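Please arrange chain B on chain A, whose structure you already have, making use of the hints.
Listed in order, the protein sequences are those of chains A and B.
One gets the numbering used here by counting positions in the first sequence from 1 and adding 5 to each.
One gets the numbering used here by counting positions in the second sequence from 1 and adding 18 to each.
Rather than coming from a laboratory, the hints here were simulated on the basis of the structure.
Careful: at least some of the hints might be erroneous.
[Unchecked claim] Derived list of chain B stretches under chain A, where covered just means 3 residues or more per stretch with a C-beta under 8 Å from a C-beta of chain A:
no. : stretch
1   : 28 to 34
2   : 104 to 112
3   : 146 to 153
[Unchecked claim] A short list of chain A residues far from chain B (calculated; beta carbon distances all over 10 Å):
no. : residue
4   : Asp47
5   : Leu63
6   : Glu74
7   : Val114
8   : Val137
This structure is a prediction, so every number in the text was calculated from the model and none was measured.
We put the beta carbon where it would ideally sit given N, CA and C, even for glycine.
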Amino acid sequence: MIGTLTRATGAVTRPVRDLAGRAALRVLDATLESQWTAQAVDHVLAAPLLERAVERALAGPLVDKLARELVRQAVIERVMEELLAGGTADHVVARVVESPATEELVARVVDSRLTEATVAKLLSSAQLWVLVDEIAQSPAVMEAVTHQSRSFADQVAEDLRVRSRGADSAVERTARRIVRRRPRPT
Amino acid sequence: MSTRAIVTTDYAGLVTRALAFAVDAIAISVVGLGVGAIAGLAISLFNIPHSVTKVLVVIGGFAFLIWTIAYFVTFWSTTGQTPGDRLMRIQVIAADGSPQVRVRRAIVRFAGMMLAAIPLFAGFFLVLVDDRRRGLHDMLARTIVVYTPDEPAPVSETRRSAVAVIGEISD
Chain A
6 MIGTLTRATG AVTRPVRDLA GRAALRVLDA TLESQWTAQA VDHVLAAPLL ERAVERALAG
66 PLVDKLAREL VRQAVIERVM EELLAGGTAD HVVARVVESP ATEELVARVV DSRLTEATVA
126 KLLSSAQLWV LVDEIAQSPA VMEAVTHQSR SFADQVAEDL RVRSRGADSA VERTARRIVR
186 RRPRPT
Chain B
19 MSTRAIVTTD YAGLVTRALA FAVDAIAISV VGLGVGAIAG LAISLFNIPH SVTKVLVVIG
79 GFAFLIWTIA YFVTFWSTTG QTPGDRLMRI QVIAADGSPQ VRVRRAIVRF AGMMLAAIPL
139 FAGFFLVLVD DRRRGLHDML ARTIVVYTPD EPAPVSETRR SAVAVIGEIS D
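Next up, chain A with everything else stripped away, as it sits in the complex (with noise of 0.2 Å):
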């Protein structure tokens, strides 16, 4: 008895919910593409009370309570996958690395006495000169090194054996003609 009225409640309020429904979202419209409401929207913005209610909103619990719900829903991860996946962050990148500030920047940090600390800090290290010595002692630096020195010495015998080839010659020729002898027959 009850389920029937309730029904018959329903099939009789529904059109009237409906109607009612589809009237709001009408003014909505009507008022949103008003130029009164674009006023409106702009004194409320140029409002100093706008002002005060953001300050008191940031200097609130609402910024902490924001942050954490950023973290908790994983907002920023999905912001960056969005941006990588996107392209937009190599761009982005790209920008920032070329421009002029960011070379100013990087120039600043060099000479700066930050840099000179590190950088004092770093041989000072011990663990930098054992970095050093594995990588002096790394077997492609010994070969490296041993081609380099054996190429050298290679190049200073051959080049004695060159003059060395021609001082024959030319003693030779000079004693022989010295005792009368002809050429030597080659």
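Structure of chain B alone, referenced to chain A:
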């Protein structure tokens, strides 16, 4: 070592041979002095009479002579090249072109070198006027000294790997 006869007219001259000999003399002296110094230090620890020291010096001199003979004879009769000869790319071979120089011939050659040095090294200057650039010691031992071709540089494992990688990249 190959026993095929070497046919060449590319005889090594006096300057090249003198430089090779100088390198060998340095090697012999360095080893001799090193051993002599160690022996001298060891002997200095003991209180040895002067007469015994004289005998030890004579023994040391004799040992140095043996070491020098062994050095030349061993290299000539095995590879035909002392380290100095190898550096200057020359080789001692038999006069008939055989690359094998027998031990007896090597000993005769060393004795000939001593003889050649006695008259103010005149025996070596025969190299300048002989058609086969032979010194007195070469004539006595029936040997000649020839230039040898340059050896190809050894290719290391790292360089081989690098070449292989470059080859793969270029493919």
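Hint-by-hint comparison with the structure:
1. 28 to 34: holds (count 5)
2. 104 to 112: holds (count 3)
3. 146 to 153: holds (count 4)
4. Asp47: Check passes; 65 Å lies beyond 10 Å.
5. Leu63: At about 58 Å from chain B, leucine 63 of chain A clears the 10 Å cut-off, so the statement holds.
6. Glu74: holds (52 Å)
7. Val114: Answer for valine 114 of chain A: holds, closest chain B Cβ roughly 37 Å.
8. Val137: Its Cβ never comes within 10 Å of chain B, the nearest being 21 Å, so this holds.
Taken one by one, the earlier hints all hold for this structure without exception.
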